[in-house]
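There are 2 protein chains.
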Amino acid sequence: MQKEIRLFSPATVANVACGFDVLGFCLDTIGDEMVIRTTEAKGIKITKIEGYDLPYEAEKNVAGVSALAMYNALDPDCGFEIEIYKNIKPGSGIGSSSASAAGSVYGMNVLLGSPLDFTALTNFAMKGEALASQCEHADNLAPAIFGGFTLVKSAKPLKILELPTPDDLYATLIHPQIEIKTSESRALLPKEIPLDHAITQWANVGSLVHALHTSDYALIKDALHDVVIEPHRKQLIPHFDAVKTAVLKASALGCAISGSGPSIFALSKGESTAKDVENAMRNVYANTAIDFETYVSKINTEGIKKIN
Amino acid sequence: MQKEIRLFSPATVANVACGFDVLGFCLDTIGDEMVIRTTEAKGIKITKIEGYDLPYEAEKNVAGVSALAMYNALDPDCGFEIEIYKNIKPGSGIGSSSASAAGSVYGMNVLLGSPLDFTALTNFAMKGEALASQCEHADNLAPAIFGGFTLVKSAKPLKILELPTPDDLYATLIHPQIEIKTSESRALLPKEIPLDHAITQWANVGSLVHALHTSDYALIKDALHDVVIEPHRKQLIPHFDAVKTAVLKASALGCAISGSGPSIFALSKGESTAKDVENAMRNVYANTAIDFETYVSKINTEGIKKIN
Chain H
22 MQKEIRLFSP ATVANVACGF DVLGFCLDTI GDEMVIRTTE AKGIKITKIE GYDLPYEAEK
82 NVAGVSALAM YNALDPDCGF EIEIYKNIKP GSGIGSSSAS AAGSVYGMNV LLGSPLDFTA
142 LTNFAMKGEA LASQCEHADN LAPAIFGGFT LVKSAKPLKI LELPTPDDLY ATLIHPQIEI
202 KTSESRALLP KEIPLDHAIT QWANVGSLVH ALHTSDYALI KDALHDVVIE PHRKQLIPHF
262 DAVKTAVLKA SALGCAISGS GPSIFALSKG ESTAKDVENA MRNVYANTAI DFETYVSKIN
322 TEGIKKIN
Chain D
22 MQKEIRLFSP ATVANVACGF DVLGFCLDTI GDEMVIRTTE AKGIKITKIE GYDLPYEAEK
82 NVAGVSALAM YNALDPDCGF EIEIYKNIKP GSGIGSSSAS AAGSVYGMNV LLGSPLDFTA
142 LTNFAMKGEA LASQCEHADN LAPAIFGGFT LVKSAKPLKI LELPTPDDLY ATLIHPQIEI
202 KTSESRALLP KEIPLDHAIT QWANVGSLVH ALHTSDYALI KDALHDVVIE PHRKQLIPHF
262 DAVKTAVLKA SALGCAISGS GPSIFALSKG ESTAKDVENA MRNVYANTAI DFETYVSKIN
322 TEGIKKIN
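Top line first, the protein sequences correspond to chains H and D. Going by the working numbering, the first sequence opens with residue 22, and the numbers climb by one from there. Going by the working numbering, the second sequence opens with residue 22, and the numbers climb by one from there.
Warning: the hint list may mix true and false statements.
Same chains, same label: a pair holds when it works inside one copy or across any pair of copies.
Straight line, CA to CA, 27 Å or less: simulated DSSO-like cross-link-like pairs of lysine-lysine [claimed, not checked]:
#  : residue 1 : residue 2
1  : 177       : 63
2  : 327       : 63
3  : 202       : 66
4  : 180       : 290
5  : 296       : 242
6  : 177       : 319
7  : 290       : 177
8  : 242       : 202
9  : 212       : 255
10 : 24        : 242
11 : 242       : 81
12 : 110       : 212
13 : 255       : 327
No lab work stands behind these hints: they were computed from the structure.
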């Protein structure tokens, strides 16, 4: 039996403009590394954390909580130790906790001979995600585990759809180094929304799914709008409107809040446009006092993967 | 130049459960026939109406209003006369006015050598539809003109997407012969809806579009739910819940209000199931004092067509 696996556990973008709470896609230039190792001693142990200061107790660490949920359900003959090399800053809005929660269960599953399918893994990973975000949701986990674009059709029972990814689709992200409190971000969500806004949103969701199936970049551009959540949440992200205006001028297909922010993502056709979009984002923030990071990434259709 | 065309102008189902105001599909066993003929005298004349009692003045007839809108825009050298043989009862909720509004402009376009594309035709037909429903919408017109399943991405500017139709998909309809006033049906629509219901609805719209692309009948079944409109409007349709329960028991994939009712539609995999579903519908209404008609139809991927 394989004793150890080293993984790349990718960052992800949830919500994807019109697809609040249901759509997500996977990145490939930013992600954590994790090592999962079987041990004779039973139980789950986190033995190394680098990059960010996170708790070592399994019960207090998202990777540990998802690992324990799966471990207790399967009750295997061995134990596991987990090493986490975090590159994704917690609270960045690009699925930091999901990368950790997904990585531990994915690695354990491989080491156990892959008894579980990806939906089952996502279900266990949701337990870890809930530690970070106080609710079980899968919109970052699904793209991390399945890769590409995903649609979470429902959380209970969990049903995840794998959508096709057009070949030439690239994401650009900017992560302004500010903190948004989850509670503050939640409080801004409307409890009720106008029916006509909801109709616009579901027309866009349906159109985006169709556009992904037909590799219709013009329609992707037409569908990447969020008339429901963005108007409320963008106030938490300094210069959001300026970034959006600049990237659309640089020929991005669309631009919206990544997850609940503060990161902002854009999608573009082709790497060269995605890099122009990156420059446009940087130019907006270069004139401010806020530190930031930017990334350009092809959509990662593999999801979490074994590395050497 | 061709002088005359005889058309089959099909009935259609709008809304399609989760897709309120955006989704529609086309039927092939029920529809109107129309004859459109060029005349030397300029102008639009309705010369025959059979089946139902409708106004002959072009300005007061949906087929006439859409014809006039197109005629005035193109200003051709000839005029047109229109004969309407209506089979679709006005007010049935299966696109009676759309069939008339679409038929006249479709026929005129063919006779003029097809200068206009289907989206342009839909735009003119919307003027006729507005006479019947007091607002310009395309969710019945689009499937009548394009055929198959359509998604109206936006009304202004009008953008219509043609979705794929799985080969073995059949519709069953029951039309209870009751009248629902448009004003009453409108008044029941909520102005605001809970965000979580909206999320469920757009997850279903996205899932249904994906299911049509992948011919995934189980997913069609999973997606055919309307948590937003049906709970409000079903009270206008006697025995709606009983019909729904009966057809799901008869293995329909899903069941919902057709348009704004009173017709109810179900979708099924295979003609034999669709006929079982028809029996289930009939059995519910057979025990009531309400007259009704039922129909079984393959999804019509052609839309309006020339007949001999």
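Going down the list of hints, with the structure as the test:
1. 177 x 63: neither (31 Å within a copy, 62 Å between copies)
2. 327 x 63: within (24 Å within a copy, 74 Å between copies)
3. 202 x 66: Neither way: residue 202 and residue 66 sit 29 Å apart in one copy and 66 Å across, limit 27 Å.
4. 180 x 290: This pair counts as between: shortest inter-copy Cα distance 21 Å, intra-copy 29 Å.
5. 296 x 242: Within one copy only: 17 Å inside a chain, 42 Å across chains, cut-off 27 Å.
6. 177 x 319: Neither, since 31 Å and 33 Å both go past 27 Å.
7. 290 x 177: between (35 Å within a copy, 26 Å between copies)
8. 242 x 202: neither (30 Å within a copy, 39 Å between copies)
9. 212 x 255: both (17 Å within a copy, 24 Å between copies)
10. 24 x 242: Neither. Shortest intra-copy (46 Å) and inter-copy (43 Å) distances fail the 27 Å Cα cut-off.
11. 242 x 81: neither (41 Å within a copy, 40 Å between copies)
12. 110 x 212: neither (30 Å within a copy, 41 Å between copies)
13. 255 x 327: Answer is neither; intra-copy 36 Å and inter-copy 52 Å both fail.
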